[in-house]
Each structure stands twice: as structure tokens, then as C-alpha cells.
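S.K.: In case you want the letters, here they are:
Number of protein chains: 4
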Amino acid sequence: MELAPQMLDAGAKVIDLSGAFRLRDAGTYSRWYQEKHTAPQLLADAVYGLPEFCRDGIAQARLISNPGCYPTAANLAIQPLIASGVIDRAAGIVCDAKSGVSGAGRKPSLKTSFCEVTENFSAYSVLDHRHVPEILMVSGIEEPELSFTAQLIPIHRGILETIYFRPQNLSSAEALLEIYRARYENEPFVRLYPLGAMPDIRGVDRTNFCDIGVKFDPATGRAVVVSAIDNLVKGAAGQAVQNMNLALGFPETEGLL
Amino acid sequence: MELAPQMLDAGAKVIDLSGAFRLRDAGTYSRWYQEKHTAPQLLADAVYGLPEFCRDGIAQARLISNPGCYPTAANLAIQPLIASGVIDRAAGIVCDAKSGVSGAGRKPSLKTSFCEVTENFSAYSVLDHRHVPEILMVSGIEEPELSFTAQLIPIHRGILETIYFRPQNLSSAEALLEIYRARYENEPFVRLYPLGAMPDIRGVDRTNFCDIGVKFDPATGRAVVVSAIDNLVKGAAGQAVQNMNLALGFPETEGLL
Amino acid sequence: MELAPQMLDAGAKVIDLSGAFRLRDAGTYSRWYQEKHTAPQLLADAVYGLPEFCRDGIAQARLISNPGCYPTAANLAIQPLIASGVIDRAAGIVCDAKSGVSGAGRKPSLKTSFCEVTENFSAYSVLDHRHVPEILMVSGIEEPELSFTAQLIPIHRGILETIYFRPQNLSSAEALLEIYRARYENEPFVRLYPLGAMPDIRGVDRTNFCDIGVKFDPATGRAVVVSAIDNLVKGAAGQAVQNMNLALGFPETEGLL
Amino acid sequence: MELAPQMLDAGAKVIDLSGAFRLRDAGTYSRWYQEKHTAPQLLADAVYGLPEFCRDGIAQARLISNPGCYPTAANLAIQPLIASGVIDRAAGIVCDAKSGVSGAGRKPSLKTSFCEVTENFSAYSVLDHRHVPEILMVSGIEEPELSFTAQLIPIHRGILETIYFRPQNLSSAEALLEIYRARYENEPFVRLYPLGAMPDIRGVDRTNFCDIGVKFDPATGRAVVVSAIDNLVKGAAGQAVQNMNLALGFPETEGLL
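In the order they appear, the protein sequences are chains A, B, C and D. In terms of the numbering used here, the first sequence has 716 at position 185, counting the first letter as 1, and numbering is strictly consecutive. In terms of the numbering used here, the second sequence has 644 at position 113, counting the first letter as 1, and numbering is strictly consecutive. In terms of the numbering used here, the third sequence has 711 at position 180, counting the first letter as 1, and numbering is strictly consecutive. In terms of the numbering used here, the fourth sequence has 699 at position 168, counting the first letter as 1, and numbering is strictly consecutive.
Treat the hints as calculated values from the structure; they're not laboratory data. Note that beta-carbon positions come from the ideal geometry of N, C-alpha and C, so glycine has one too. Among the hints, erroneous ones may be present.
To be verified - Pairwise CB distance ranges (calculated):
hint : chain 1 : residue 1 : chain 2 : residue 2 : range
1    : B       : PRO675    : D       : GLU785    : 37 to 47 Å
2    : C       : LEU726    : D       : GLY558    : 54 to 64 Å
3    : A       : PRO571    : B       : THR751    : 52 to 62 Å
4    : D       : SER549    : A       : LEU779    : 23 to 33 Å
5    : D       : ALA728    : A       : GLU533    : 32 to 42 Å
6    : C       : SER561    : B       : GLU785    : 51 to 61 Å
7    : A       : PHE781    : D       : PRO749    : 47 to 57 Å
8    : D       : GLU785    : A       : GLU674    : 51 to 61 Å
9    : B       : GLY780    : A       : SER656    : 39 to 49 Å
10   : B       : GLY786    : D       : PRO749    : 38 to 48 Å
11   : C       : ARG637    : A       : ALA557    : 50 to 60 Å
12   : C       : LYS642    : A       : ARG562    : 48 to 58 Å
13   : A       : LYS642    : D       : ALA728    : 27 to 37 Å
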């Protein structure tokens with residue numbers, strides 16, 4: 532929020548990994564981040580840097596706002612379901628998210644010290660995590676529709692999100708998977724698991740992939756989607772490189788695994 | 532299933548930690564455990580060993596079926612909500628469960644080997660875990676109402692379950708907590724967290740406690756309950772000791788932390 | 532160093548867990564702790580709180596200096612060997628020490644943050660750890676005779692030290708074990724492993740025990756002793772309780788596992 | 532031992548990762564591996580695949596015996612010291628070795644199961660590990676001179692060895708480091724740490740590097756060398772690729788980090 536205006540004034544393109552320019556208006560920002568936005572004039576220009584959804588905008592942007600780690604995994608899984616109308620939105624969507632400790636940043640704190648984290652597992656920011664509005668904005672849902680909880684896994688890196696919803700107009704698990712297949716068939720960094728298997732964090736470790744798997748039991752009308760990324764790659768620096776490649780005209784996968 | 536009949540014939544009281552006598556009928560057993568029940572005549576006599584719900588029956592029983600680890604944490608959290616009618620059951624209940632590796636037993640396997648588990652997190656038995664029917668039976672809900680997923684945390688012991696539901700006829704978070712307070716005020720092994728705090732696995736490590744915390748946002752109608760136990764104590768051997776104490780007329784808390 | 536004098540003036544007995552009063556003179560203190568000692572007048576009165584070696588003094592002391600964690604495991608293993616003359620001291624003694632992260636204290640730092648420690652292992656304070664002079668003092672050896680290295684294990688608690696020496700006048704592994712047996716036969720908190728087995732950290736977890744195991748190969752003249760404690764119990768608070776019990780006339784094992 | 536003869540007969544070059552062809556004679560093999568060697572006729576042809584010491588032989592060999600993981604880290608650290616004559620061999624050399632769990636192979640066992648390993652640390656094969664003869668052979672020392680202990684760290688991958696010796700004819704720490712500098716100045720996969728710093732396992736994670744650091748205190752005549760590798764890369768598959776590159780005439784660093 533401080534540096535981006537100076538860099539833009541100097542003529543640079545900016546890819547911002549902070550949360551400063553992810554939301555569309557200063558009021559929403561100040562509600563979730565609990566501080567006043569000091570560069571609101573830039574919000575209209577900022578492009579949300581999720582290439583799978585905003586590729587053209589990113590290529591033209593001078594200010595790219597790199598997505599939060601949780602929203603990256605959540606939106607890649609949820610938005611196609613909303614867009615295709617297979618979620619009974621009245622029943623709500625649950626996104627139970629778990630992250631490795633590096634998601635909290637590098638600054639030492641008691642909460643991220645080894646002895647507090649090892650052999651433990653805990654929930655935090657239940658329902659009010661500041662990444663929630665990014666999910667609402669990108670997936671196109673309202674706050675009452677989404678229950679989001681963040682939880683800390685005693686691992687270095689990686690996010691896994693387990694997403695629950697009540698389907699409507701959905702005939703089979705195969706049809707659920709087909710929604711993702713159609714949406715991501717040309718995407719280099721989204722991988723789909725076959726029916727019967729689910730992603731894990733190991734599978735995306737140190738890669739820019741988002742792995743997605745599905746389960747649907749038509750007899751009981753319950754559906755689950757699991758989405759996994761490495762929070763330090765697709766959830767942060769890797770996606771920033773992907774955005775840089777788009778913004779500078781390089782092949783989108785350059786330098787990425 | 533093999534040994535219990537012999538022990539009962541010999542006049543012993545039996546506390547069974549296996550899944551053999553937890554469900555009420557042989558058909559449900561064979562659906563979820565995928566094998567024929569060989570001692571169905573004992574099912575009617577078996578008492579489900581969750582002291583908070585079946586204390587009197589346990590004291591009289593000759594065959595006590597010690598609950599599964601996941602259902603212990605789930606039922607202590609869900610049943611009071613069902614009984615008090617504050618869940619909009621049409622919207623469903625999500626129980627996102629996470630367990631340490633000891634939940635899988637001591638027998639060596641690739642899935643529980645150190646190198647597979649460390650720095651990983653994965654979902655398994657999505658929607659079809661064999662502990663599901665125990666939750667349905669004790670909490671009094673139907674299969675379509677419950678979405679249950681088990682997940683593996685890279686820790687030795689402990690279970691944390693994050694439970695999501697849409698409330699009805701619920702005025703405040705305080706009222707939600709009050710349901711548990713009223714239900715468990717005399718229970719030695721259920722502890723409630725104050726509003727604003729949530730249990731973690733460290734807090735119940737090597738104890739027989741089940742810790743429960745709640746969050747409810749009336750403005751958006753979303754509610755979350757977190758329940759934590761040590762799967763090897765309240766989820767297994769500790770609860771068996773608690774049951775033994777009841778069955779033999781010892782103080783219920785004898786030998787337990 | 533600041534509080535102990537005030538407490539002693541107020542007539543209290545003091546058990547000090549800091550390093551302030553462990554060494555015998557202010558000069559040695561300032562060399563290893565790199566600060567001036569501000570209460571040197573108390574050094575002569577302070578009793579080193581290793582009950583296995585100083586039980587009578589502890590019972591009479593008004594200022595008990597609780598030993599460091601590394602020296603507790605080291606001295607219990609090394610001193611009996613020095614006292615019995617089975618070490619070829621010219622060849623030197625190696626003490627390769629490993630500790631869980633809680634040994635570094637609770638204050639957050641980058642070095643003890645989860646992401647730095649997990650899946651890592653590192654040496655620190657090679658040859659110049661401030662616990663070295665405690666080992667020299669208690670075991671009765673000179674600085675050139677001891678090579679001590681501290682290393683960080685990615686675990687919460689526990690110390691294991693692997694001690695190497697060249698024996699002299701030692702006939703068999705059985706004779707080596709017998710030295711410890713004779714020395715510790717009445718000690719409640721020292722346990723010896725039989726030949727062929729070695730202690731591990733799990734075995735002393737949350738206990739006040741020091742476990743010791745030995746290996747000696749007469750054909751090649753090489754010997755190894757392994758010593759393990761829980762740094763938070765026998766290495767800190769547990770030993771302080773043991774000292775308190777002695778100082779106040781309680782049974783020495785009161786309140787300890 | 533079974534497959535290599537068949538492959539060689541078929542005209543292939545063989546890089547063997549087992550221990551079958553690492554030692555020079557069948558008798559030594561059967562002593563340490565406790566089984567009869569079934570292809571002793573190949574031992575004379577086998578070249579020990581440590582490129583830093585046997586580069587020319589590897590390039591010409593048809594049977595390359597890839598070194599054990601512990602000996603790779605040990606020999607790269609010890610051999611230059613022996614060759615330069617700075618070790619007082621009468622005092623002996625201690626190699627205190629620690630390895631991640633993958634060193635034990637992928638086959639499930641109780642010893643490598645998550646619940647046994649996490650929050651633990653243990654010594655095994657004290658003085659009699661089967662990798663000992665490889666160190667003796669390559670570094671040119673006798674069994675009584677070396678005390679080697681293997682220990683299990685609760686991490687996935689990586690080896691750190693702490694090596695202790697009494698120097699002779701060594702003037703300074705700088706001179707100690709210079710021995711390695713002279714020996715490895717053209718080696719692409721050996722890195723030296725500057726005085727005052729020591730390698731850790733994180734630094735070599737997923738790389739083919741062996742990192743070495745030294746400490747020497749001339750006043751007391753004690754010296755320590757720390758050596759670190761990734762046991763799955765420089766300690767196994769990476770070194771095999773390095774050997775393959777040499778054997779097939781590719782650039783030695785091809786495909787390696």
C-alpha cells in the first residue's frame with residue numbers, strides 16, 4: 532500500500548503479494564483488514580492475479596494483485612461449481628481449510644514456534660478470516676453462503692481445503708468431475724484426480740499445481756471437493772512468477788514446475 | 532467378535548474396543564465393515580460405552596462396546612444440538628475430522644510410515660468411513676444429513692473435528708454454548724471453552740477430556756463447533772477405563788486424568 | 532543473579548534454574564557467560580543440585596543451583612567412568628549431544644520457529660557451549676579432554692548424548708555396565724539398559740529418569756555410552772522438584788514419575 | 532548380487548545401489564552383511580562410485596558400485612584429513628552419524644512407522660554398522676581407529692555427521708579448512724562452509740551437494756568436522772546419476788542440482 536504507488540509512479544509494473552489491492556473497494560478492505568486503505572485510487576486499476584480466471588486482464592495490467600493462498604485453492608475449486616449452477620446455495624458451502632506454518636509468515640512468534648506447533652492441530656480465524664472476502668468476490672457468493680475455517684497443520688508448507696456442498700441438478704460424480712475438466716482442460720497448473728482418489732499436500736509440494744479431486748454420493752446428495760496447493764508456490768511466489776510471465780509476454784509456465 | 536462370546540460364557544464382563552458390537556444390527560454391521568457378523572445374538576445385549584449418554588446402561592452391562600474414536604468426539608458435540616433442535620437439518624451437518632496417525636493402529640503399513648506421513652496431510656474414507664453409522668445412531672440423524680470426512684495429521688495422537696451447521700431457533704453464541712453447559716455441567720470429562728477461544732489437540736493430549744468450543748454468527752446464520760480428544764485416551768483406552776469404573780462400581784474418574 | 536540474593540535475604544531457600552550459580556568462581560562464569568557476575572559472594576554457598584552426586588549438601592543448602600540440561604545427562608554418564616579410572620584420558624572424551632527445541636527456551640526466535648526446525652538438524656555451539664564448564668567441574672576433567680557439541684533435533688523435548696572414549700583397564704562390556712550398577716544401584720532416577728540395548732528419548736519422555744546404556748568392543752578398544760533425559764524434567768523442573776524434596780525433607784521421589 | 536551378473540552378461544553397464552559390490556573381498560562382505568557373496572568374481576572389476584575419489588575408474592567401469600549414504604558423507608570429510616596426516620590416529624576418530632528415516636528404505640516396519648519415530652531420537656548399530664568397512668576402505672584407516680554410530684532423526688531425508696579427532700601438525704582452523712579447499716576446489720558437488728558456520732541438513736535438501744564445515748581450537752587441541760548430504764541424492768540416486776554421467780560421457784553435473 533505504501534510502495535506500490537511509488538513503483539507505479541516510477542513506471543514499473545507491480546505484482547503485489549500483500550492483501551492491499553485484492554478487494555474491490557476501500558470499505559470492504561477496512562472491514563476485513565481493520566485499517567484504512569491509503570491508496571484507494573489504485574483499487575479500480577488493480578487486476579486480481581488468478582491467471583485461470585483473469586488471464587487477459589493480467590497481461591494488460593500495470594498493478595497485479597497476487598491472490599491470497601487460501602483463496603487460490605478455494606476459488607479454483609468453488610467458482611466452477613457456482614458458475615455451473617450445481618450447488619444448492621441455500622444449504623451453504625463449507626470450506627474447511629488447513630495450512631502449513633509458513634502461511635503465517637517468517638516473523639518469529641509464539642504461535643509459530645516449533646514447540647507450540649509440533650504434535651498439535653488448531654483452528655483459528657473461524658468464520659472471520661480476512662481471506663473470506665476474496666473467495667466471495669471471485670466465486671461470486673454471498674457471505675452467509677460460505678463457512679470458512681482456517682487450521683494450522685504441523686508442516687512447513689502446503690494447503691489442503693475440504694469443500695462440502697449440497698448438489699442440485701447433478702447426476703453423477705462423473706458429471707461433477709466433468710465440470711472441472713471442461714473448465715481446466717487447457718490450464719497448465721490445474722490437475723484433476725480421477726474418481727476414487729483425492730489430492731494430498733505431498734503431491735503439490737514445491738510445485739505451482741492446484742490439485743482437485745471430487746466425491747459425490749447421489750443416493751444421499753452429499754458432495755465433497757478437495758483442493759491442494761503449495762502455499763509458497765501457487766499460493767504465493769509461484770503464482771507471482773506465473774503473473775509476471777503473463778505481464779511480460781513470456782511463456783506462462785517459464786521457470787515453474 | 533471371536534473372543535467376546537467366550538469371555539462372556541466364562542462369566543466375565545467384557546469391554547470391547549473393536550467395532551464388533553457398536554451397531555445395533557448385523558445388517559448395518561456387514562454393510563459398513565464388509566464382513567458377516569458372527570455373533571449377532573450379542574448385539575441386543577451390548578451397551579454402547581459412551582458414559583455421558585449411557586451411564587446407567589454401562590453400569591448394568593455385561594458387554595460394553597467402547598465407542599470409536601471419531602464418533603466419541605462427534606457425538607459429544609452433535610447430539611446435544613440435535614436434541615435441542617437448533618440445527619436446520621435440511622441443510623445438513625458437516626463433520627470434518629482430523630486424526631493423528633495412531634488412529635490407524637500399530638501394524639506397520641506404507642500409509643503410516645514416517646516418510647509418507649511427515650510434511651503431508653491427506654483425506655481418506657471421504658463420506659464412507661465405517662465410523663459414520665455410530666454417529667448416525669447416537670446423535671439420531673440420517674445418513675443424508677451428515678457429511679463426514681477423515682483426514683490424517685502428521686502427529687502421533689489426537690483428534691480434532693470441525694463441525695458446521697445452519698442453526699435454527701438460535702439467538703446467540705451464548706445460547707449455543709449454554710446448550711452444552713446445561714448438558715455437561717456434571718460431566719467430569721467434558722470441558723467447554725469460553726466464547727472467543729477454540730480447543731486444540733495439545734489441550735487434551737494424554738487426558739480423558741473432550742474439549743468443545745463454539746462460534747455462531749447470527750448475522751449470517753453460520754455456526755461452527757470444534758471438538759477435540761486424545762484418540763488413545765477418551766477415544767480408546769481411557770474411555771474403556773471410565774467404562775470399567777462404572778461397570779465395577781469404582782469412582783468414574785479413578786485412574787484417569 | 533538478581534533475584535536470588537533478595538530471596539535469600541528474605542530467609543527463603545532458593546533453587547535457581549538459571550546458570551548464575553552453577554560454577555565455582557566468578558571468573559569462570561564471566562568467561563563462559565560473557566558477563567560479569569553480580570553476586571559472587573554467593574558462589575561459595577551455592578550447592579550444585581545434582582542429587583546423585585551432592586545429596587547431603589542439597590539437604591543442607593539454602594541456595595541450590597539446579598544443573599544445566601546437557602550437563603545432567605553428561606555427568607551422570609561420564610563421572611563414574613572418570614572416578615573408576617577406565618578412560619584413557621589422553622585420547623579424550625567426545626560428548627555428542629542432541630536436544631529437542633524446548634532446550635532453547637520459550638521466547639520466540641527465528642532459530643526455534645517451526646519452519647526453520649522441521650525436517651532439519653543442525654549443530655550449534657561446537658566446542659564452546661556454556662554448559663561445558665559444568666561438565667568439567669562435576670566429572671573432574673580438563674577442557675582439552677572433552678569435545679562437546681550441541682545439536683538441535685526437530686522434537687519438542689528430550690536430550691540424548693552419545694559419549695565416546697578409549698577405555699583402559701576395562702575387561703568387558705559387562706564390567707563397564709557394572710561400574711554404573713555399583714554407582715547407581717540405590718538411585719531412584721537412574722536406569723541402566725541391559726547390554727545389547729540403548730536408551731532413546733521416547734523412553735524418558737515426561738519422566739525424571741536418566742537412562743544409560745553402554746557398548747564396548749574389547750577387540751578394538753572402542754566404547755560408547757548413551758545417556759538420555761527429558762530436558763524439561765530431569766534436565767530442569769523435575770530435578771528442581773527432586774532438590775526441593777531433599778531440601779525440605781520430603782521423600783525424594785514425591786511428585787515425580 | 533543376483534541381477535548385476537545377468538545385466539553385465541547382456542552387455543550393459545551397471546550402477547549398483549546395493550551393498551553387494553562395495554567391498555573388495557568376499558570375506559569382508561560376508562562378515563559385515565552376514566551372508567555369503569554369490570558373485571565374488573565381479574568384485575575385482577567393480578569400481579567404487581565416489582566420483583571425487585575414483586573419477587577415472589568410474590568413466591572406464593562396466594560395474595560401478597554406488598557408495599552407501601553414510602560412507603559418502605564420512606569419506607568426503609575424513610579421507611582428506613588422513614591423506615594430509617593431520618589426525619593423531621592413535622587417539623581415534625569418532626563419526627557420530629544421524630540420518631532421516633528414508634535411509635532405512637521404503638518397506639514398512641515398526642521401526643520406521645510414524646508413531647515410533649516422531650518426537651523420538653535413537654541410536655542403532657552402535658560400532659557395528661555395515662557401512663563401517665566402506666569408510667575404513669576409502670579413508671584408509673583401521674577398524675580400531677574409527678568409532679561410528681548411526682542414529683535416527685525424525686525427518687524424511689538427510690544425513691549429518693559430526694566427526695571428532697585430535698589433530699597433529701595442524702596450526703590453525705584456517706589450515707584445516709585449507710586442506711579441504713585444496714582437495715575440492717574443482718569439485719562441483721562439495722561445498723565448504725566458512726569458519727564460524729556449520730552445515731545443516733536443510734542446506735543440502737534435494738541437492739547433490741556434500742557440505743563440509745570445520746572447527747579447531749588450537750589451545751586445547753580439539754577439532755570437529757561436520758558433513759551433510761541428502762541421503763536420497765548424493766547418498767543414493769543423485770550420486771548414481773553423477774556416476775552415469777561419467778560412465779556415459781555426459782557432463783558430470785547433467786540433471787543434478
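S.K.: Can you list which hints this structure breaks, lowest number first?
M.R.: 1, 2, 3, 4, 10, 11, 12
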